[in-house]
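K.L.:
Sequence:
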Amino acid sequence: MKKKIEIPRNILADIDFNNTLNGGRTEPNIEVNQTENAYEVFVKVAGLSADHLQMDVQDNRLWLYALQPVLKKAEEDEAQNFVPQTIGQIMLPNFVDLENISAKYYNHQWKIVMPIDEHRKGFKKRIDVEI
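If you use full-length UniProt numbering, the sequence shown corresponds to residues 1 to 131, in order.
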């Protein structure tokens, strides 16, 4: 017999609030291609303008997100409070050159280029176990 999953009401309320706040959400289109010298990531998100995509690299993970304004007062020119909306996360291979990742916006999408560090590519080492 399947166990019935119960979701606390406060979580449902938070989900409903976030959906209303964000005006619903469309799925982002993220495509990753590998070339001879780099990985190329193409990101397209409906309703997100060129300057809204944010990117951070931390611990071999590329985090793509946008900051969504919340609780903006009508008389304010700019919102004071923001919440991050995750677009996607990509685990990066150890041989990506993290220092030289670049991004450009053109043709209604972002192109992120992650060069391959040839010195770290294909590293392999056998570890002998002491007995």
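By construction, these hints were calculated from the structure, which means they are not laboratory data. Among the hints, erroneous ones may be present.
As a list, the in silico SDA-like pairs of lysine to any residue whose alpha-carbon atoms are at most 25 Å apart [said to hold, decoys possible]:
(1) K104 x E118
(2) K125 x R61
(3) K124 x F95
(4) K104 x P28
(5) K104 x K124
(6) K125 x D59
(7) K44 x Q85
(8) K111 x N100
(9) K44 x Y65
(10) K111 x N81
(11) K124 x M91
(12) K124 x A66
(13) K124 x S49
(14) K104 x I131
(15) K124 x N81
(16) K44 x N60
(17) K44 x L62
(18) K44 x R61
(19) K111 x L71
(20) K124 x N107
(21) K104 x M91
What follows is a set of in silico ranges between Cβ atoms, one per label pair, in the way DEER data are often shown [unchecked claim]:
(22) P84 x E31: 19 to 25 Å
(23) K125 x D56: 42 to 48 Å
(24) V70 x K125: 45 to 51 Å
(25) D59 x E118: 19 to 25 Å
Just so it is clear, the structure is predicted and the values come from calculations on it, not from any experiment. Think of the CB as a built atom: it goes at the ideal place given N, C-alpha and C, for glycine as much as any other residue.
K.L.:
What's the verdict on K104 and I131, does the C-alpha distance respect the 25 Å limit or exceed it?
P.N.:
violated, 53 Å
K.L.:
Quick one: are V70 and K125 within 45 to 51 Å, going by C-beta?
P.N.:
With Cβ atoms ~49 Å apart, the hint holds.
K.L.:
Given the hinted pair K124 and A66, is their Cα-Cα distance within 25 Å?
P.N.:
violated, 38 Å
K.L.:
Under the criterion that the straight-line Cα-Cα distance not exceed 25 Å, is the pair K104, E118 satisfied?
P.N.:
Between K104 and E118 the Cα gap is close to 23 Å, so the pair holds against 25 Å.
K.L.:
Would you mind confirming whether the straight-line C-alpha gap from K44 to R61 stays at or under 25 Å?
P.N.:
Holds, at about 19 Å.
K.L.:
Can the restraint linking K125 and R61 be considered satisfied, given a maximum Cα separation of 25 Å?
P.N.:
Between K125 and R61 the Cα gap is close to 24 Å, so the pair holds against 25 Å.
K.L.:
Taking 19 to 25 Å as the hint, is the beta-carbon distance of D59 and E118 inside that range?
P.N.:
Taking Cβ atoms as reference, D59 and E118 lie about 22 Å apart, which means the hint holds.
K.L.:
Given the hint of 19 to 25 Å, is the C-beta distance from P84 to E31 inside that range or not?
P.N.:
The hint (19 to 25 Å, Cβ to Cβ) holds, given that P84 and E31 are roughly 22 Å apart.
K.L.:
Quick one, are K104 and P28 close enough, alpha carbons at most 25 Å?
P.N.:
holds, 17 Å
K.L.:
Could one say that the CB atoms of K125 and D56 fall in the range 42 to 48 Å?
P.N.:
violated, 30 Å
K.L.:
For K111 and N100, compute the direct alpha-carbon distance and say whether it is at most 25 Å.
P.N.:
Between K111 and N100 the Cα gap is close to 14 Å, so the pair holds against 25 Å.
K.L.:
Next pair to validate is K124 with M91; report whether the Cα-Cα distance is within 25 Å.
P.N.:
holds, 20 Å
Of the numbered hints stated above, those contradicted by the structure are hints 5, 10, 12, 13, 14, 15, 19, 20, 23, listed in ascending order.
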